[in-house]
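Enquirer: Listed below, chain by chain, are the residues.
There are 2 protein chains.
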Amino acid sequence: MKLSEIGELPLIETICKRFFKRSKDILVGIGDDAAVIKYHNKNLLMTTDMMVEGIHFDLSFMTPYQLGFKLVSVNVSDIYAMGGAPEYLLLNIAMNKNTEHSFILAFFDGVHVAMKLYGVSLIGGDLSSTKNEMFIAASLTGNTDRPVKRSGAHPGDKIYVTGNLGDSACGLEALKKIKKTVPIENTPSLTLPPRGGGMGGGDNSELQIIISKLSKLCLTWNTVKPLLKRHLMPIARNPKDFVKDATAMIDISDGLFIDLSRLCNESRVGAKLYATHIPISRQMQKVSSVLKIDPFKLAVSGGEDYELLFTASRNSKLETLALASRLGRQNSKLKITCIGEITKKERIVIDKRGKKSDLRAEGYQHFGIKR
Amino acid sequence: MKLSEIGELPLIETICKRFFKRSKDILVGIGDDAAVIKYHNKNLLMTTDMMVEGIHFDLSFMTPYQLGFKLVSVNVSDIYAMGGAPEYLLLNIAMNKNTEHSFILAFFDGVHVAMKLYGVSLIGGDLSSTKNEMFIAASLTGNTDRPVKRSGAHPGDKIYVTGNLGDSACGLEALKKIKKTVPIENTPSLTLPPRGGGMGGGDNSELQIIISKLSKLCLTWNTVKPLLKRHLMPIARNPKDFVKDATAMIDISDGLFIDLSRLCNESRVGAKLYATHIPISRQMQKVSSVLKIDPFKLAVSGGEDYELLFTASRNSKLETLALASRLGRQNSKLKITCIGEITKKERIVIDKRGKKSDLRAEGYQHFGIKR
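Those sequence lines, one after another, are chains A and B. Each residue of the first sequence is one higher than the one before, starting from 1096 at the first, in my numbering. Each residue of the second sequence is one higher than the one before, starting from 1096 at the first, in my numbering.
Just so you know, the hints here were simulated from the structure itself, not pulled from any lab data. Keep in mind that a hint or two might mislead.
Straight line, CA to CA, 30 Å or less: simulated DSS-like cross-link-like pairs of lysine-lysine [unchecked claim]:
#: 1; chain 1: B; residue 1: K1335; chain 2: A; residue 2: K1116
#: 2; chain 1: B; residue 1: K1274; chain 2: A; residue 2: K1226
#: 3; chain 1: B; residue 1: K1211; chain 2: A; residue 2: K1097
Isolated chain A (complex conformation) (with noise of 0.2 Å):
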């Protein structure tokens, strides 16, 4: 029987019976966003996540600095995703000969920039040479006092998102259109000192360029933006702020029904999701609406979000936070809301007319099972 057959997700589930093991020193492993290792008194978290040409990027719609920022924030978002800071980086770099040395040099611009924003130290990697595709992949060590698993949900807490949903998705699709790679990577904050000859930058010509495209589409440069940003260089979501309040915590990387869904399994719970509740970017709806794609499936399964979904019991601080982040009224940068609350067992959305319908595991899956 071949693997799209399978799909991904039984795949997953025969690796990790035959290789579970939880001893005294593995508090963590196979089967959380990072494992934990109990080093010497310390938290050791490591998780480890790849990024293949042709299935996760394509190179005529991504540059090689935005390519080397994502591959560091997609692994920095699981140590997050495990409460922990992230700290020493190893990279896996495997690359057509024919590849530019200007490419290369690209690729590391945007991986140091990504290092500098979460504190991060590349201390080791490996080269290779390859006949077709590129292929990355980054192992990432963090430490924490106190890993936040999948598998801590209780009945009755609430569930909540950072940020909005489906933003990358749209923001993917929004690319397909444009047909071209987009110079975003010149944010204030997110620059290193110029290189000659350097490919972080993008022309203001290439900007007219993709511009006009959009103003055929009806839509402006500025209603995009942010969703190519998410999509092309997201930044990974530190939890500092409500940390100590959740009980379990994945980060959505497949798409919310799918990383809830796997939360819900590790916690043995089921859960109870407000459809309206879902947060959608003004943005996300506007260029969903002229491309003509429904904004919630986006929001739901679109995948490559690098939101946090996470878990606190009723009456936490969390309350006040999401209550804050809806009135405007919150002084950290990061939205918060609150969309639904953890069950016994049932699983489902309920739709603005109260409608309820089952909650399905539908996200992304390597080797294309049928959903």
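Once you have looked at the hints, place chain B on chain A.
Expert: Frame of chain A, contents of chain B only:
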């Protein structure tokens, strides 16, 4: 300029210079076999190594079981080369969706057997699809009280290697004649309980085909088998018998000359090698002569030896160990040979007639730079 015009080594040098960092926590950063992090008064080792289809392996020559085993071994070899004990493993696996499920199960059989052999635990990983080639990587941690770096060699130190050199490269040449996978995994110490329909085995008829192919070349199975084994399922060398005396160490993955040059560069010293001392197995002599390949070239620049190359001061316990090894009087099974000594600056090889030639950093480099 393309990477093929630059080559792997200058590229690595650029990256090392840019990201090199030594702090009170990072004892060894980029540029050794593994990084060393001071982690709450202990030394945490971290390394990563990848294997790309079409570059590092060819699935018409290698079973998935062998591949899984080798991936773990090459990473363990890096931890051993720092004088460490391997601990926790992360895996990245990217495969085509048309891969057979039995293939991935057999791959994990090989991983599992290697994990048991080295006492390693799998704690996480990442799975992806690919459009074409398979790509696998592992990251591995370890620990050691005293890391043995590449940079500790001093003029006057003796230079040692474990095992024989060139067996793996010669095994690969033999494989190119056999032109198919070879069932060598059924070695008593390396088996798991049989799994229904497992691919770990290989039946007798398959072996008969190979034996008959070899006999046409006037070669026997017993002569070729150890070379194939060293190439397909290398066992990493544990330096426990001599690690206390080692002043510098590296594992030979790209070839003796290139890896000795790395050690010399880091230690800022030279080396004098005696060509006649370089350990070449009887089997490799025989097979290389039949295949009309220079055995010396295979031994010094063949690559993928996964033997340890290390230095120790004169009058260390190593001299006795190496002598015992030469006389076949050593209790441990690991062969150790003194092949030369560290000099202040001069880097030369002395041939059997006493003629000197330059020691050149020849060996495998990615991106196909001319040598």
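Enquirer: Check the structure against each numbered hint from earlier and tell me which ones fail, lowest number first.
Expert: none
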